[in-house]
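First to last, the sequence lines map onto chains A and X.
Under UniProt numbering, the letters of the first sequence match residues 1 to 218, in that order.
Under UniProt numbering, the letters of the second sequence match residues 1 to 277, in that order.
Read the hints as simulated data drawn from the structure, not as lab findings.
Each hint should be verified, as a subset may be incorrect.
Computed footprint of chain A on chain X; a stretch qualifies when at least three of its residues, placed anywhere within it, have a C-beta under 8 Å from a C-beta of chain A [to be verified]:
id : region
1  : 81-91
2  : 133-146
Interface residues of chain X toward chain A, partial, derived using beta-carbon atoms under 7 Å [claimed, not checked]:
id : residue
3  : GLY73
4  : SER94
5  : TRP98
6  : VAL108
7  : PHE191
8  : MET255
In this text, a Cβ means the ideal position worked out from N, Cα and C, and glycines have one as well.
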Amino acid sequence: MAVRAPSSLFLTEAVGQNIVPSLARMLGGWTVAVILGVLLGVAIGRSRRFGDYVEPIVHFVRAIPPPALIPIFLILLGFGTEMRVSLITFAVIWPVLLNTIDGVRSVESLHLDTAKVFEFDRRKVFFGIVLPSAAPKIFAGMRVSLSVAIIIMVISEMVGLPDGIGNVILGAQRTYRMADMWAGILLLGILGYVLNALLALVETRITRWHRGAREGVS
Amino acid sequence: MSVTTTGTDLLTIEGLGHVYEGRQRHEAIGRLDFTVPEGAFVSIVGPSGCGKTTMLRCLSGLMKPTRGTVYLGGEPVTDVPRDLALVFQDYSRSLFPWRTVAGNIGFVLPRGLPKEERAERIRESLDAVGLSGAADKYPWQLSGGMQQRVAIARALAYRPKILLMDEPFASVDAQTRAELEDLMLDVRRRFDMTILFVTHDIDESVYLADRVLVLSKSPSTIVTTMEVDLPSPRDQVATRASEHFVQLRTEIAEMIRDQSTRRTASGAGAAAADTAP
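Just chain A, with the same shape it has in the complex (with noise of 0.2 Å):
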C-alpha cells in the first residue's frame, strides 16, 4: 500500500486510513489495560497472600521497556492491529495496575468497619466502597496510561505494516516532506491534549467528592 501525502490528513480518506485506525488501537489497547489492570489490581490488593506471590514478577515485567519486546510481538503477534493494540495493552497496564493496588489497599478501615457493622455484603462492599475509596487513585493511573498509549502506539506504527500516524510521520521524515512530517507531529499534540482533558472531565465528574473532601468545604 502506498503512502499517502500527509498534507490530506484532515480532509481525505486518509482521516480513516491512518487517524481512526491509530485512535481505535490506541483507545482499544488502553480500555483493555484499565480492565485488566483494575481487574488484577483489585485482586492483588484485596488479597494479601494472592499479592504476595504476583507483586514481584509485576515489578519486574514492569521494568522492561516496551520497545524492547516489539520484536517478540512481531514474531508473536504479526505485523498488524492485534501486535500494536498488545504492545500498547503490555505498556500503559502498570500504571493503572499499581495505582489500583494502592488505592484497594488504602481504604479506610473505619469505612469497612461501618461496612460490618451494617451487615453489608461483598459487593456492596465492593463497589460501594472499596472502588469509590480507589476511584481517585485508579483515575491517576488512568491518565499517566493514556499519555503512555500515545507514545507506544507511535513507536508501534513504525514498525509492522504501513498505516496509522506513526507511519505517516516517519513516511514523511524519510522522504524530507517536513512539512508533512511536523503535521503529524502537531496532530499528535493536540490529540494527546484533547483525549487528556476528555478523561480529566470525566475524572472531576465522578471524583468531585474527593477534592471537596480534601478541602474541606464548610
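Got chain A sorted already, so can you dock chain X onto it with the hints?
Showing chain X alone in chain A's frame:
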C-alpha cells in the same frame, strides 16, 4: 428513677477479657461482667487508654475477645449482630464522602426495602437529628457536629435494638456537645432505644445515663456501678447545677482518681477491685 427498662437484660457481658498478643503483650481488658437492661441508657466512663474502644469492638462483634462471652438478646455474639449499631468517635472517617447525607443513610438500609419506606426512614432519621434540610449535602460540606448527627441518623435509620457509642462527642466543641447530648436523650425517648455510651467525660456520663459504670485503667475492670436517679427530662443548666448531680460526679471523679493513684502505688493490686453487677 427515670429508667424505663422492662427489666430484661438486652446485653449481657460475662467474663470479658482481651489481651493484645505480639511483641508488646498488652492486657487491655482484665475482666468485665455487666448487663445492659432493655431500654436503659448506660454510660461507661474511664480514664483514657483504659480499653474502652477495645471493649466496644468486642461487644459489637468487630473483634473476638480473648476471654468471655457477650450475649445480645440471649444469643452469643460471634459476628456483628443485626440488632446492633455502633457510632464511632471519628465521624469524618466513618461517613462515606462520595455519598450525600441521604445517600449515606440510605446505604445502610437493606436492599429489599421498598422505595417509599426507604425515603420515609431517611426523612424520619434526619428529622430526629434536626438535619432535614441537609439531605442533599455531602458530609464534607457540613460542620463536625452536623457530621456526627448524620452518623447518628444513619444508625437510627438502621433500627437497631441497641446503639453503642464510642466517645461520639469527643471531638466537637463544648456548645455542640451539649446540643448533641440533649439530642441523644431526645432520640432515646423517641425511638425507645437502648444505648451504651462510652465516654471519658464524667459529667457527660452522669448527665446522660440511668446507670454509670466506672472503669479502671487497663487491664480494665469495673470499679463501681452507680445508679443515676436524677429526674427526667434533664436540663443542661438545671440538672448540672443540682446538688445530686454534683455529688454523683464528685464521687465518680474521686473513684477514678483513687484508682489511678492506688494503681501506681501498689502495681496491679487494684485489679482485684470488685466487679459489681
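Structure-based check of all given hints:
no. : hint    : verdict
1   : 81-91   : holds (count 6)
2   : 133-146 : holds (count 6)
3   : GLY73   : violated, 16 Å
4   : SER94   : holds, 5 Å
5   : TRP98   : holds, 4 Å
6   : VAL108  : holds, 4 Å
7   : PHE191  : violated, 17 Å
8   : MET255  : violated, 32 Å
In summary, the numbered hints that this structure violates are 3, 7, 8.
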